[in-house]
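Trainee: Listed here are the chains, written in short residue letters.
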Amino acid sequence: MDPIIMEGTPKTPEIRFDAGKGIIEIRGRSIPENAIEFYKPMVDWLEKYSKNPAKETIVNFQLEYFNTSSSKCILDLFKKLETIHKESRSVIVNWYYEEDDEDMLEAGEDYESIIRIPFTMIEMEEQ
Amino acid sequence: MAFNIQQSYRKMNEGEVLLAYKGSITTDLITNVLDVVESKLEEAKSVSAVKKKVYSVLVESLQNLYHHIEDLPDNMKDQFDTRFGILVVSKMDGLYRISTGNFVRSTRVKYLKDKIDKINSLSRDELKDMYKFVLNHQKITEKGGGGLGLIDIAKKTGNKLEYVFQKYNNDYYFFNLNIFVSETSG
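Top to bottom, those sequences are chains A and B. Just so we're aligned: the first sequence equals residues 1 to 127 in our numbering. Just so we're aligned: the second sequence equals residues 128 to 313 in our numbering.
Hints may be right or wrong, so weigh each one.
[What the hints assert, rightly or not] So, partial list: chain A residues that the calculated Cβ filter (under 7 Å) puts toward chain B:
| # | residue |
| --- | --- |
| 1 | Q62 |
| 2 | Y65 |
| 3 | N67 |
| 4 | I74 |
| 5 | E82 |
| 6 | D103 |
[Stated by the list, open to error] Not everything, but these chain A residues come out facing chain B in the computed CB check (under 8 Å):
| # | residue |
| --- | --- |
| 7 | P10 |
| 8 | K11 |
| 9 | T12 |
| 10 | E14 |
| 11 | N60 |
| 12 | D101 |
| 13 | I114 |
Derived by calculation from the structure, the hints in this document are not laboratory data. Since we're looking at a predicted model, the values are computed, not measured. Glycine included, each C-beta is placed from N, C-alpha and C at the ideal position.
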């Protein structure tokens, strides 16, 4: 499976989906007006990946901002990851948030409670 | 008294204005506004958690405008830009205020009022539950977040949403929404 590698832009995050390494990474800002269009390739990719995932999938979410339009798409991604997790494949989710950003921590906790994969919350010191 | 756009705009411009805009709300405009406000916030003295809240609420309110702006009828088009909206970000008395204005069809006024009143009546925990419920159960629409915008704003700011609907003509009302972020929050 070809990886998806995308640079970040002022409104969209940096993306790294690598099936060979079992790494799913989203970093930066996700505030596009049309998040569905932006996330479609990633949702489709995960759909395929979930049929033949790596032994261990490491998921790193390191978002500075995301809009509500993205929040639904991110949930879609997590639901695909939940399928992999349910089939007893290891899925490790690291949710990064900046020190004092309680909204971002809470957003992670919300997802964790909906999809039932344990998250590791990682606080980062402000640069 | 008839509705007067200049008067509304002046009123929205009270306090220390960080940015004021009146015209078409497009994706490029949103990008520019976010850029300008972000650099103004960098200069501001508020703590970073508050600046983040202001930015994040601004994104949401602008995109709400963008997704819900109505195409105006011909008899209004000579007075207003297409996709006309107003945005003012200001600071006063320890509060950041994000004020938006746009025309809505008369038929949508009740729906909007009910929705905002409902959100304003909820406690923080209830808002959190509502957010999670809508996130998990409502279908994504092509338009945007599927009704999460205002819930998210209310949840993040912890303040009530203020609104005014002023009649413009039989078909349209001018909808002014004020969002407040306290400097002491976060």
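Trainee: Take the hints in turn and mark each one as holding or not.
Mentor: Evaluated hints:
1. Q62: violated, 15 Å
2. Y65: Cβ of A:Y65 sits 5 Å from chain B, so the hint holds.
3. N67: This hint holds: A:N67 lies near chain B, its Cβ roughly 5 Å from the closest one there, short of 7 Å.
4. I74: At 9 Å from the nearest chain B Cβ, A:I74 fails the 7 Å test, so the hint is violated.
5. E82: At about 12 Å, which exceeds the 7 Å cut-off, the nearest Cβ of chain B leaves the hint on A:E82 violated.
6. D103: holds, 6 Å
7. P10: Holds: closest Cβ of chain B sits about 6 Å from A:P10, inside 8 Å.
8. K11: Holds - the Cβ of A:K11 comes within 8 Å of chain B, reaching about 7 Å at its closest.
9. T12: Since the shortest Cβ distance to chain B is 11 Å, the answer is violated.
10. E14: violated, 18 Å
11. N60: violated, 20 Å
12. D101: holds, 6 Å
13. I114: holds, 5 Å
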